[in-house]
Each structure stands twice: as structure tokens, then as C-alpha cells.
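Next come the chains, spelled out residue by residue.
Number of protein chains: 2
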Amino acid sequence: MDEQAQAAKKTLLRMIPYGLYVLGVRDGDEVSAAAINWVTQTSFTPPLVAMGVKKDSGAYALLKRTGQFALSFLESGQGDIAYAFFKPTTVEGSKVNGQETEAATNGAPVIAAAPGWVEGRVVGEVDLGDHSCVVGEVTNAVLKREAKPLTLDELGVKYGG
Amino acid sequence: MDEQAQAAKKTLLRMIPYGLYVLGVRDGDEVSAAAINWVTQTSFTPPLVAMGVKKDSGAYALLKRTGQFALSFLESGQGDIAYAFFKPTTVEGSKVNGQETEAATNGAPVIAAAPGWVEGRVVGEVDLGDHSCVVGEVTNAVLKREAKPLTLDELGVKYGG
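If you're matching them up, the sequences are chains A and B in order. Residue 40 in our numbering sits at position 50 of the first sequence, with consecutive numbering throughout. Residue 117 in our numbering sits at position 127 of the second sequence, with consecutive numbering throughout.
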């Protein structure tokens, strides 16, 4: 791509609207949780979600090992929680990165304050870039309350382009 | 999943924010264009996008055959264009579903009125549901103007859950 096309690609890809999620994974005592925004549904039956996961992240390593994950949905106003999970994972009892967590059925950590979460298992991936496109089948979901999603726009953050 | 989890899954997956895009594909004289919303970036280098594409659609058939696509980004106020591409493809000269189109470098149709488009080639897919998660590498992009994206929310449409 020439410079003009590169700039166009950047501007256009940043037009894609995104929510904010915390991807939680656990393998025994090892826990990782990371804020991600590259998420889309990709099938109704079975219910599949695709997630762009940074390949040099701890979350990706555990995801590859266990094939299990939970995705906590953040709501409008929970920017502080998103920011907490832009940092490397630290665990203190049931707190991960200073945030109270609970365990999904598969053991993956979910954010206690989140309005809800889905959990699932990895069923495929397209692993060709700096992030892998990981596809997971949703096997369980818990909704604590209906909520307006936290968006990248609300955070004033760009991640894409 | 029990009924409660099914309902939670539906509500949560509908919290994911989406834009609206027209996926355009061409194989010689055969053209297909369809409105899609399940789109996310999944890598910076190379620039990859994942798209949920209905497997029984004409667009998917052509995509499988040619491995080439264009994705027109719709802007706020262009709901009429989105609705036009919820219908089966009809072609009349350079008009597709009544909308003026141009050709991307790879020949795929793009919406003339759109603020911009990216084109690319299919590099992988995870084909396990009613829609396939098709991953494409962006090989070119054209931006006509910066714009606020058209969203599913603006349309008042839900596609997910």
C-alpha cells in the first residue's frame, strides 16, 4: 500500500465501533486478565465470538494452553476497570489488577462489578498477525443487569488502524 | 446452556457495538453485495479484519471462489443504503441494489456514496457456524472523507445474540 492508502486504511479501521471487555483465563494457579476491544460475534448457531488477542500476551499463552476463557462485558462508566486491565496481570487473593473477581464455571476469572460475562472454549483461530483471531464458542453466560456498553469512544482511546 | 444462560448470552452479545458495512464481491460478471455488521480488526501487521459472513449467502459463495473482497464503510445517515443491501443482489449497469457503485482495484464493487472502503484478500477462516468467520488482509484503502460511522444502534436494528 502507498502512503495515501495506508492513511486511509488507518482512518477507516478506526471508524469501527468497539466495546471494552476483560478477557480472563486461568490454568491452575496461573491467571491472566487483559482488556480487549477487538470482539465480534461470528455465528448464531453455535454462538461464536471472534476476539483479536495479542500474541505476545500472557492471556494468549494461557488461552492456547487451556482453550478456555471468560469475557466480562464492561458498562458505560467503567473506564477505570478497563484501564486497570491495560496493565500486566497482578493477583492478590480474589483481586486481579485490584479488581474483585469471581470464577466462571470453567474457572476463568470474571470481573465482579461487570454487568455480565460469557464464557467459552476456543474452537479455532486464524493466527497470521501480531494478534491472533481467536474464535470461541459461548458455553455459558451470566447477566447481572442490562447495561449500556463501555466503548472505546467513551474512553477516548483508539486501538485499531 | 439452560434458558437463563441462553437469555443472558443473547442480551450480552447484543451489547457489542457494531457499524454497518457493504461487503462487495465480484467474479467476472457475477456480483454480490451484502450489508454486514459483524466486523472487527484482528491484527495491525499485517492489517487483518474478521467478518462474519452468512454461509448460505451469494456473497459468501463468491468470496470462497475469488478470495477477494471490498468493504464499504457506511456513515451516519446512510441507513437507506444499509437497508438496500439487506436484500438479494440486483445489478443494473453500475448500480447494485439501486446504489451507484465503483470498482475497487480488485474489481469488487464499492458504494460510490460511502465515505471510504478497504479491499483485501481472504487469508483464512473459521468455518464452524451459520456464518463463517472470514479473515481478510487489507491490501488497499480509499478514504473520500472522514465520517461518523453508521451503527446498528442508529438503525434501531439488532443482529446478534
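It cannot be assumed that every hint is accurate.
Pairs involving identical chains hold if they fit within one copy or between any two copies, as the list cannot separate such chains.
Subject to a maximum C-alpha distance of 16 Å in a straight line, what follows is the list of computed EDC-like cross-link-like pairs (lysine to aspartate or glutamate) [to be verified]: (1) K54 - D17; (2) K45 - D117; (3) K138 - D117; (4) K54 - D117; (5) K0 - E144; (6) K44 - D117; (7) K77 - E65; (8) K45 - E92; (9) K77 - E144; (10) K138 - D(-8); (11) K85 - E20; (12) K134 - E92; (13) K134 - E(-7); (14) K44 - D70; (15) K85 - E65.
Think of the hints as simulated: they come from the structure by calculation, not from any bench.
### Task
Starting from the hint list further up, note which numbers the structure goes against and sort them upward.
Numbers 3, 5, 7, 8, 9, 10, 14 and 15 - these are the hints that the structure violates, sorted from lowest upward.
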